[in-house]
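**Q** One-letter residues, chain by chain:
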Amino acid sequence: EAGVAQSPRYKIIEKRQSVAFWCNPISGHATLYWYQQILGQGPKLLIQFQNNGVVDDSQLPKDRFSAERLKGVDSTLKIQPAKLEDSAVYLCASSLDRREGLYEQYFGPGTRLTVT
Amino acid sequence: GNSVTQMEGPVTLSEEAFLTINCTYTATGYPSLFWYVQYPGEGLQLLLKATKADDKGSNKGFEATYRKETTSFHLEKGSVQVSDSAVYFCALKKTGGFKTIFGAGTRLFVKA
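Residue numbers (our numbering), protein chains in the order written: chain W, 1 to 116; chain R, 1 to 112.
Next comes chain R alone, as it looks inside the complex:
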């Protein structure tokens, strides 16, 4: 079946550190891949997406590249801020399908 596996958290970083949150997926065909962010007390928000192999999604300084050969979609940011503290969810959606499958989420704490 389709599934998403993320690195376990929490991840604790100092401000301006480099961030990587690993995400790998299992799916038939060519799914679309997403990163969502959930700030405290709020609903999930779409952070970025990629719809085909080698696509790079980017937003707010975050980037992720769709790697079909390694079935991965790792989230990166060069310099994190305290305001980036949140839970990050990797997700996939099969092309032509109507259901989004979410990973378990990775909590990020950024210290000043």
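If we strip away everything but chain W, and leave its shape as in the complex, we get:
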């Protein structure tokens, strides 16, 4: 079974530029998560999708970050414009569902973003 795929693996941009990350979850997984992992910290949930609907985006900086999951499969996370403090690893994860017993998350390798 293929795992969670993410691209690109690395990205370097200047502040105020835009960037987009792509995630392809495990086939059949209804729930998709985007996390931000700043160096030395644990992952922080940015947004959670159930199929193609957003169920939690309480920690997403909506003035600059946006995400979508069209057709309930692939997802993209965008930052526009980027700030220095956005330098982090962006992790995508998926799970069969949100419900008890089905919420084990499988993580992709992440995209390391450096903003200069």
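Calculated directly from the structure, the hints in this document are not laboratory data.
These numbers come from a predicted model, not from an experiment.
Be aware that a few hints might be false.
[As the list claims (entries may be wrong)] In silico EDC-like cross-links for lysine to aspartate or glutamate, where the CA-CA straight-line distance does not exceed 20 Å:
hint, chain 1, residue 1, chain 2, residue 2
1, R, K56, R, E69
2, R, K49, W, D97
3, R, K99, W, E104
[What the hints assert, rightly or not] Example chain W residues on the side facing chain R (calculated, C-beta under 8 Å, incomplete):
hint, residue
4, G40
5, D56
6, E104
7, F107
8, G110
9, T116
The C-beta atom is built at its ideal place from N, Cα and C for all residues, glycine as well.
With the hints as your guide, set chain R onto chain W.
**A** Just chain R now, kept in the frame of chain W:
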């Protein structure tokens, strides 16, 4: 609010040494508790979990016991290997909730 506190790293051990990584949590109710491992260049993987008090999660020689009285979920392994070198994250999820809260992670180095 809900939070997880882990011992700071890095932890450096020799091969075959005993490992303990401390984890304590703050949460209302009865959360589920997890340990995730992140090997270099890879995403996080679930290592073990426990869903109620006194449960013991185990996998690949690692163990952790859900201690409600001390709000702890310490990770242990009797004999570490070089291949165990990684970052270990303790995490919790409230029962009925949909968000996983992660600790800051503890980096483990095992020397041959």
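**Q** Against each hint, give a clear statement of whether it holds in the structure.
**A** Okay, the hints, checked on the actual structure:
For the suggested pair R/K56 and R/E69, the alpha carbons sit about 15 Å apart, so the restraint of at most 20 Å is met. Taking the CA atoms of R/K49 and W/D97, the gap is near 17 Å; set against the 20 Å cutoff, the hint holds. As the CA atoms of R/K99 and W/E104 are separated by approximately 12 Å, the hinted pair is consistent with the 20 Å bound. Using the Cβ-Cβ criterion of 8 Å, the hint placing W/G40 at the interface with chain R is satisfied: the shortest such distance is roughly 7 Å.
Among the interface hints, the one on W/D56 holds; its C-beta lies about 6 Å from the nearest C-beta in chain R, closer than the 8 Å criterion. Restraint check, W/E104 versus chain R: the minimum CB separation of about 6 Å is within 8 Å; hint holds. With a least beta-carbon distance of about 3 Å to chain R, the hint placing W/F107 at the interface is held under the 8 Å criterion. Because the smallest distance between the Cβ of W/G110 and any Cβ of chain R comes to about 6 Å, under 8 Å, the interface hint for this residue holds.
Because the beta carbon of W/T116 sits about 22 Å from the nearest beta carbon in chain R, more than 8 Å, this interface hint is broken.
The structure is inconsistent with hint 9 alone, although it conforms to all the rest.
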